[in-house]
Amino acid sequence: MAMNKMKKINISASLKSNLITFGIVIAAYAVMQILVSLHLVSSLMRGLLVPICVYVILAVSLNLTVGILGELSLGHAGFMCVGAFTGAFFSKYILYAVPGMPGALRFFLALLIGALFAGLFGLLIGIPVLRLKGDYLAIVTLAFGEIIKNLINLLYLGIDENGVHISLNSALDLHMEDSDKIIVNGAMGITGTPNDSNFTIGVVLVLFALIIVLNLIHSRDGRAIMAIRDNTIAAESVGINVTKYKLMAFAISASLAGIAGVLYAHNLSTLTALPKNFGYNMSIQILVFVVLGGIGNIRGSIISAVVLTVLPELLRGFVSDSRMLIYAIILIAMMLFNWAPACIAWREKIRYRLNRKKNAKEAE
Amino acid sequence: MALLEAKNLSIYFGGLRAVDDFSISIEKGCLYGLIGPNGAGKTTVFNLLTGVYKPNEGIISLDGKNITGLKTTEINQAGIARTFQNIRLFKKLSVLDNVKVGLHNHHKYSTLAGILRLPSYRKVEKEMDEKAMELLKVFDLDSQAQTLASNLPYGKQRKLEIARALATNPKLLLLDEPAAGMNPNETQELMDTIRFVREKFDMTILLIEHDMKLVSGICEELTVLNFGRILCQGKTIDVLNNPEVIKAYLGE
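Same order as they appear, the protein sequences are chains A and B. Residue 232 in our numbering sits at position 232 of the first sequence; the count goes up by one each step and never skips. Residue 526 in our numbering sits at position 162 of the second sequence; the count goes up by one each step and never skips.
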């Protein structure tokens, strides 16, 4: 009997924690929608709503690699890039080829394709790269991220009646009669992607990413992945297939980044692979979200992604000249507050005092 | 036929013959001890048997099946589980989850079932919880099932490692210095636990140990290693009275 009780507590504890996370996301969404409908949100902020969803998905998915699998990856923006370009390519192609297809279906298929290709890249890159550990792995993933971005900058791709045309030199080398049918135009990227995304879709995708990552963590596979993180040699000794689970975590993480990329691409009319959006700056930005929110802490990733995306824009209103300086200082202060041992001890003390007060009140 | 049969195992690291011409034959149900001075190559033998190292020469077979050169993971699936001299738990997982990782290959559902929380997920997770709690009870760890493994006291961490190894349902259990760092009371308790495990799970056990009281108390047969070579092999009482063994341990 005691055992049954035990087990129930165990499963419902993970479920409860998951539900709180979903609740926070849905509540934040509802509050934003109300504020938007009351015209209390600046147009700049409204423009940030979808990017915030993109960053949250990226942070949650990178936390799967960094926090749950325990491997440092600096190429996450590369997978986002793959998702963005394959998804946008598909949507653009469908615009010509099947003009009648409803936008929702087109976007859904674009998401599938973006996730699939990003996951595939994750797998292909993971096979050689996951043999490395720690710093070495980080550097190699960084290089792979850059390779993906630069390859896409060289890529010219078009489809017409004669089939697919690919070139790595110039648009002229495609030899297409109708230059309107060039979809990927080298460094100029993809223009005219249908704007299929909005805040609601973004939040739905955030919830989707959360369900996948949180349920994975609390499943048999998630346990195996965390066992590898905690002690690879011991995991092998109890019969865990280390390569399989490392690749699984890496590929799922990559395909979720691909979904974030598709969302990102369908929020812009022009998609280009710049260092700013798909370079290693971006990869490191995502890593900052994960580290600030707590490695392995999914809820923390969401909060820090939102705060760090909104913060620079909020600062714009007060100190437009030195806002990035202030941003950096706030970042340092937040890191210290969250993770310096002395601060953790201090927070524990405060919490303990509050609890005591509350208990004392209840006793009265 | 013997459960574990290793013949003429050798491994060299550069010029060093860490283990040289090692043979062992362990009958099913036996409690077998591997002893020897520090640096004699005992843990290297464990690493050979579990596939961490591949032997340069020799053959290992388990239950009549050749397992030489298999990977660690495959050797565990073939039926050898082990513990480590320096404890290797999954520190950030709970005590319960540590054992459930051990059950990984015996209770399965698909990744999709896990992500979508399908009925098979609930059913199998429940089975795993019950099985794991049963094992934890044997080691008196059931009341701490939700504790993080790294928060357990030392002696209990050793026990948890044995529980996790048993969860993989092995034919042969290798214990690498299970009593290291334990006080006499804990060692006594451990001896009882090892005996109990053998009875309850009908287990064959090979253990490395320095504690002579433990070795002479529970092992039926012994192999003594010195400088990577077998010094003496046989019934415990004969081995411990062998003048060569006394010389290796105590000096002349």
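It is possible that some hints are incorrect.
[Said to hold, decoys possible] Under the rule of at most 30 Å between Cα atoms (straight-line distance), these lysine-lysine pairs were calculated in the DSS-like manner:
(1) Lys435(B) <-> Lys244(A)
(2) Lys244(A) <-> Lys564(B)
(3) Lys133(A) <-> Lys456(B)
(4) Lys487(B) <-> Lys16(A)
(5) Lys133(A) <-> Lys487(B)
Simulated from the structure, these hints should not be mistaken for lab results.
Hints and how they fare:
1. Taking the CA atoms of Lys435(B) and Lys244(A), the gap is about 14 Å. The hint holds against a cut of 30 Å.
2. Between Lys244(A) and Lys564(B), the direct Cα distance comes to roughly 34 Å. Violation of the 30 Å bound is thereby established for this hinted pair.
3. Our distance criterion of 30 Å between C-alpha atoms is met by Lys133(A) and Lys456(B), whose separation comes to about 19 Å.
4. For a cut-off of 30 Å, the pair hint linking Lys487(B) to Lys16(A) stands: about 19 Å separates their Cα positions.
5. Note on Lys133(A) and Lys487(B): the hinted pairing is violated, with a Cα-Cα distance of about 36 Å set against a maximum of 30 Å.
When each numbered hint is compared with the structure, violations occur for hints 2 and 5.
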